[in-house]
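K.L.:
Sequence:
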Amino acid sequence: MSAMIQQQHLDAARLNRMVDFRSDTVTQPEQGMRLVMAQAEVGDDVYGDDPTVNLLEQRFAETVGKQAAVLFPTGTQSNLAAILSHCGRGDELLAGASYHTLVYEAGGASVLGGVSCCALPVQDDSCVSPDDVTAAVKPDDPHFPRSRLLCLENTVSGTAIGLERLKEVSDRARQHGLAVHLDGARLFNAAAELGVDVSELASIADTVSVCLSKGLGAPAGTMLACNSELEPLVRRNRKILGGSMRQSGIIAAAGLYSLDNNVDRLVEDHRRARSLASKLDNLVEHKDVRVAQNTNMVFLTPDPGDHAALCDHLEENGFLVTRKAPAMRFVLHLHHTDSDIERFAAAIRSFYGLLH
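In our numbering, the protein residues as written are 1 to 356.
What the hints contain is simulated information worked out from the structure, not anything from laboratory work. Quantities reported herein were computed from a predicted structural model and do not represent experimental measurements. There are no misleading hints in this set.
List time: in silico EDC-like cross-link candidates among lysine to aspartate or glutamate, alpha-carbon distance up to 20 angstroms: (1) LYS279 to ASP303; (2) LYS279 to ASP20; (3) LYS167 to ASP132; (4) LYS239 to ASP49.
Pair ranges (Cβ atoms, derived): (5) ALA38 to GLU315: 30 to 36 angstroms; (6) GLY305 to LYS138: 43 to 49 angstroms; (7) HIS286 to ASN261: 38 to 44 angstroms.
Glycine included, C-beta positions come from ideal geometry on N, C-alpha and C.
Start from the sequences and build out the full structure, keeping to the hints where you can.
P.N.:
Quick look at the structure:
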């Protein structure tokens with residue numbers, strides 16, 4: 001075995017031994033999920049005859065209160081397919097300036113769809129303002145792109161936006177003839193936090209994208225729900241963006257398992273996030289240290305001079321974290337235990353010399 005391969009094995013083993021707080025995307029299928037994946041009845045989804053995919057799509061559409069749903073490999077592809085289903089070349093979408101569709105998806109709407117993007121200010125509650133939507137809609141004038149779509153998001157950096165707030169913005173968009181797309185990658189987290197049915201949150205949008213591979217714990221897959229009239233265009237855009245996945249019932253089986261087993265337990269992730277934040281509360285007494293918690297996420301903003309050293313300290317103590325600055329984001333997921341939270345909080349506190 002070459003030295004490089006040996007190092008790769010050592011690195012993989014090290015990662016598997018560490019408690020990972022980088023994201024809820026890092027979870028691996030549990031034994032029950034692996035079993036249903038191995039036993040999944042499959043067909044060729046391009047022909048529409050994979051029964052497990054068909055079951056997942058029907059089940060998901062019913063869950064979020066839409067007429068149809070389509071399985072996508074990724075959330076980025078799902079969001080882009082939705083945008084292309086609402087907008088043509090020369091059209092414009094409006095979205096919060098910090099929202100994923102605008103910032104973290106490689107400009108796909110513009111690069112591949114010729115869609116112009118207008119960034120709206122994000123309010124303190126992580127939503128956009130109805131008045132800002134009104135101000136951003138362009139008049140019917142050849143000098144301007146045609147405003148066609150409002151892209152909303154829930155949760156936003158873990159913040160769950162309430163139903164009435166979403167309705168207010170969505171209603172304003174429709175008054176101007178805009179369609180509404182909801183990037184609900186963690187929509188089930190929002191529903192759990194707000195104590196409402198996920199279908200109520202989905203009702204404010206024409207299309208809704210929800211990841212199976214985040215808090216729900218599936219290894220891959222995102223669902224895009226819509227009405228039956230839009231479904232053929234969504235499937236066409238999926239083809240344009242790379243197509244379906246043939247015997248993808250293996251992935252769909254994991255999605256069904258996650259809907260059956262991993263929705264109700266999301267409140268545990270939120271509880272552990274609150275617990276972690278409470279154990280770090282007295283760090284705010286230190287200069288420039290801030291702690292915040294939203295749903296399954298905890299944000300710690302250290303003094304800039306401490307950032308790299310704190311990351312190193314946590315890794316040396318067996319914890320994986322992202323090194324994004326200024327705020328460090330810790331994401332709770334189904335692999336974490338109460339003991340992990342205790343040890344992680346203790347490691348952070350020990351960095352600041354707080355042993356109790």
